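In case you want the letters, here they are:
There are 2 protein chains.
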Amino acid sequence: MEELNILNLLIILVAAWLGGSISKKLGYPAILGELVIGIILGPALVGLLETSEMLSVLAEVGIILLMVHIGIEINFRDLGKASWPGLLAAAGGFIVPFGLGYYTIIYFGGTDMAALFVAIAVGVTSLATKSRILVDLKLLNTRIAYVLMAGALISDTLALIIFAGIISFVDAGNIDTVGLLWVAGKAILFFIFTAVAGIYLLPLLGKYLAKLGTKSRTLHFTLILIIVFGFAELAELAGLHSILGAFMAGLFIRDGVFNRQISKEINEVFHDISIGFLAPIFFVTAGFNVTLDVFQTDLNMLIAVTVVAMAGKILGTALFYLPSGYGWREGIAVGTGMNGRGAVEIIIAGIGLQMGIITAEIFSILVFMAIFTTLSVPVLLTWTTNWLKKRGELVHQQSRSGYIILGANPLGLYLAKHLNSEGKVTVIDANKDFIQAAKQAGIKYVYGNVLKEETMEEAEAMEKGTFIGLTANSEINLLAAQLANDSFYMPEKIVLMAPSETGADVESLDRIDASSMFANKIMLGPWIYKVTSGDFEEKSETASEEISTREWIKTHKSENDSILPLLIINAEGVKRPFHYHETIHPEEKIVYLQ
Amino acid sequence: MEELNILNLLIILVAAWLGGSISKKLGYPAILGELVIGIILGPALVGLLETSEMLSVLAEVGIILLMVHIGIEINFRDLGKASWPGLLAAAGGFIVPFGLGYYTIIYFGGTDMAALFVAIAVGVTSLATKSRILVDLKLLNTRIAYVLMAGALISDTLALIIFAGIISFVDAGNIDTVGLLWVAGKAILFFIFTAVAGIYLLPLLGKYLAKLGTKSRTLHFTLILIIVFGFAELAELAGLHSILGAFMAGLFIRDGVFNRQISKEINEVFHDISIGFLAPIFFVTAGFNVTLDVFQTDLNMLIAVTVVAMAGKILGTALFYLPSGYGWREGIAVGTGMNGRGAVEIIIAGIGLQMGIITAEIFSILVFMAIFTTLSVPVLLTWTTNWLKKRGELVHQQSRSGYIILGANPLGLYLAKHLNSEGKVTVIDANKDFIQAAKQAGIKYVYGNVLKEETMEEAEAMEKGTFIGLTANSEINLLAAQLANDSFYMPEKIVLMAPSETGADVESLDRIDASSMFANKIMLGPWIYKVTSGDFEEKSETASEEISTREWIKTHKSENDSILPLLIINAEGVKRPFHYHETIHPEEKIVYLQ
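For the record, the sequence lines run as chains A and P.
At position 497 of the first sequence (counting the first as 1) the number is 497 in full-length UniProt numbering, and the numbers step up by one without a gap.
At position 454 of the second sequence (counting the first as 1) the number is 454 in full-length UniProt numbering, and the numbers step up by one without a gap.
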């Protein structure tokens, strides 16, 4: 038992945290700051830190756990839905820089294998900070954002498959056809076996654990780690790298295998350990292997690789994007968005260095290339999207649509009938009479307890865009909205808040980014009575100027108890619910009950 | 970057999981199985596995994180409340075996330092599996259980402080008085500094993070790790061992420092990583260092140490327990319960071996001693408690008492008045009128949202024994009961279940081990009306035979709508609520409303 060098570990953790925080504050991913601080504190510059056996053990365990997390985050369902343009962007953004990168290294006299490693490294895509940058640039809900997300997902998977193909031949060297077939066969066997195990055996384990009735997260975590290291060992046996096994294991750890809550918590634990503890050790120590000499000795190659990476990625994406029919300008914008490099690239470069396939110089060039391309993303993406905006070519897109309305009471049904003309509405209730009424009205319905995930699943919460909680019980509305948010990632949550004295409050609304239905606290009972007895009139009013729903409520303050604003109808006749976070544009109609 | 030996790691994880599971199935702590499987697979027997640099790095990080977890689990509040008998038991159970252990090693010709290490190892106490064994033997709520819990808590802390004292002198050797003072001074400075930092600086960090508004668990985790390794490094600088720093850091990570939810989740993450992943690596590899030769070469010493450990612990506890006035037989029972050794002992023995203070033989003896003493606990504890039971000396004790009644509606208040004569009752409501009524009735009240922890805290939920949810809304009752369970560990949760159609169900009750008030689904409204209008009679019935509350309800089936069983009164006049998980004994009275 060796003494741990606690001080070294402490300094690295502090450095990683500082570097990562500063980087995030500037709008860049944490990994950028971790690499830079590693270069600064490592042998390249200050020389305060150097690598050690302890650090590399922790770093390697860190990247294995990180690959699991990356795998978990890639949702097959999302991959399946990845649009045709996303696929085009991912393919072009990979193939073109891959080819250019390969020939660049060959041109500079590198080996075949080194050229292939560099080719993957320049081909990989990492969204700078996933959705963060899209939020900053207010791009969520644009078509570009959806293409980028899909593209990045496909890109990681593609890169790792090609990496697997290359690495399986690394040790092969000069062998005959039979040998080559065996090498390829082993790699293919690995993917088939892990896929089959992931699809059939893991769910069996999940069912067994469910039957045991154990909800011990620690036991799940232990067993999942055993699967992860088991897959990693299989990858090694197949002549591949352990990270591929970890990635494959991550792909299959999801809802349906274990219960949704456990899967989610396990992913959070992998996130905490990898991103919050061990993986930064890998990225900081990756900086230790960087030499600044390349700026003198290999400046040409550094410039060539960086230019090839950027130009290849942006132009390759734009080129392959043409068949989508969305225009080359949008292709350029997508390309600039996909121009970042991240964890997967640094991990692959590190493996190349460790296996002696690439030199310390090429490794350094790849790290700097990652830094430069990632730095470019926000700048270039801002330019290109502004350019599209000015030309009026920034297309908005809603990928999820339709409503889930909780509460098939008369008012809920009334609203459902209105919105049903626009899209898919499903009502949920646990009251059989209400459900019967929904059936008669021809509205899709689910009978059940909304606080159970199965019920929400049956209502296809994963595809729906908006959740409306409209029972008389604010707490139930809010809890269901939380479920819609936390487990089904529903983008819009609107809940009826009763002017009650217990439970639900504005803070809870904010936490899940939900909005208050009717933009006002409402007693449901009287309105249900009015709707049931027909003792009301539906009226409408056209807005003359832009006004928020809150202001509209204020201007009708005197009638607050006697009117209920239900919908906003735009010029095209599209209806949307009236709630707190809405703005009424000029010429839009407000439909209210009186 | 060295290649990880994934296969080794995989085998150890599987072995640890198997060993731990089997051990737990047999009613023993996981660590026992981990040690045994390490001995079996290690060089001592099969020779399949051996230690490596990778394993020791992971194992050491594992015990640091485990010490954090142990520290977090020791609640100062609990320590403060640790009863006088608990303190006596801990002291006697430590001092006597400590002294005997020391002289045993000196007798066998060991060094002073080795003797001190063995002394701590035999002095340490670990409850075999904390509450698990007490549950199995149905001892929860007995006085013995409370003494054991308190004793074990104090014992860990005591052992680590004495370990700190000893280890600070290890490197000192033959030095003069000034040198000795400096050594002692550094150790004391460490404790003062970490205590001050823990009490004053950590809460500042917590407040800063709260002000930032970040709820990122990963960021909290990273910063806490930095604190942990910071304290660990300080311990090293003070001439102590890093685990003491980790333990001190753990002591101060709690509610009040960070928000309750985050603190709880962080502890769970430490639990998952240490107990579910890294610490078992330490315990399995500890088995690698064991040699079976001691059964031949040092059998006398092995027997002597084991006998001294067991006899010293049991008799020492019983002896020091005498002043409690609870009798020597209860002292013996407590001693048998405290006779296990666990994580802390193996960690200390491992450190002794690593530092060259104890030989591989003594280390092996300490491991076997841990195994034997731990094996003895359930057997001996069953004997001694049965013995007490037969003599009628097994004293039951409720450490938490009093009620929190959610819902100060007329029925809630009616129940509160009944129970208030027996102990502390606090009612919670968000309705001002109800609260006003509680005030007039002289019942303690808290006005606020019960789903907020602050409200429960104000109602002193940590001290109360029973939570009763009595609002008309089953979901609110259930959610509040969950909060009472999860955040305040309230032993009894009783909730009113309305015959509603949404939300709450029996499964949720079971998960938190809650019971249904009135042992029946009840519409609250009519009863509130009856109580308010005085339109009811309070009647009582005396049970002639033992009958469960469910059966009682069945026998009164025809009147189910017209009667409401409220309380059970025993022969001494002590009242308790009528709920699903209750049994009515002969001669007990059932009070019901009609």
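Hints listed in this document are in silico derivations from the structure and should not be mistaken for laboratory results.
Please read these numbers as outputs of a predicted model, since none were measured by experiment.
Just so you know, not all the hints are guaranteed correct.
[What the hints assert, rightly or not] Partial list, derived from the structure: chain P residues whose beta carbon lies under 7 Å from chain A:
| id | residue |
| --- | --- |
| 1 | Asn-8 |
| 2 | Val-14 |
| 3 | Leu-18 |
| 4 | Ile-273 |
| 5 | Tyr-447 |
[As the list claims (entries may be wrong)] Derived pair list, reagent style DSSO-like, types lysine-lysine, alpha-carbon separation capped at 27 Å:
| id | chain 1 | residue 1 | chain 2 | residue 2 |
| --- | --- | --- | --- | --- |
| 6 | A | Lys-432 | P | Lys-521 |
| 7 | A | Lys-417 | A | Lys-521 |
| 8 | P | Lys-264 | A | Lys-452 |
From the three backbone atoms N, C-alpha and C, an ideal C-beta is built for every residue, glycine too.
Does Leu-18 (chain P) hold up as a contact with chain A if the rule is Cβ-Cβ below 7 Å?
violated (10 Å)
Closest C-beta approach of Asn-8 (chain P) to chain A relative to 7 Å, hint status:
violated (10 Å)
Chain A contact restraint for Tyr-447 (chain P) - C-beta distance below 7 Å
violated (10 Å)
Check whether the Cα positions of Lys-432 (chain A) and Lys-521 (chain P) lie no farther apart than 27 Å.
Answer holds: Lys-432 (chain A) to Lys-521 (chain P) is near 19 Å, not above 27 Å.
Is the straight-line distance between the alpha-carbon of Lys-417 (chain A) and that of Lys-521 (chain A) 27 Å or less?
holds (23 Å)
Would you settle whether the hint for Ile-273 (chain P) is holds or violated, based on the nearest Cβ-Cβ distance to chain A being less than 7 Å?
holds (6 Å)
Regarding the hint that Val-14 (chain P) lies at the interface with chain A, is the smallest CB-CB distance below 7 Å?
Val-14 (chain P) check passes; min Cβ-Cβ to chain A is 6 Å, inside 7 Å.
Given the hinted pair Lys-264 (chain P) and Lys-452 (chain A), is their alpha-carbon gap at most 27 Å?
holds (25 Å)
In terms of the numbered hints stated before, the structure departs from hints 1, 3, 5, listed from lowest to highest.
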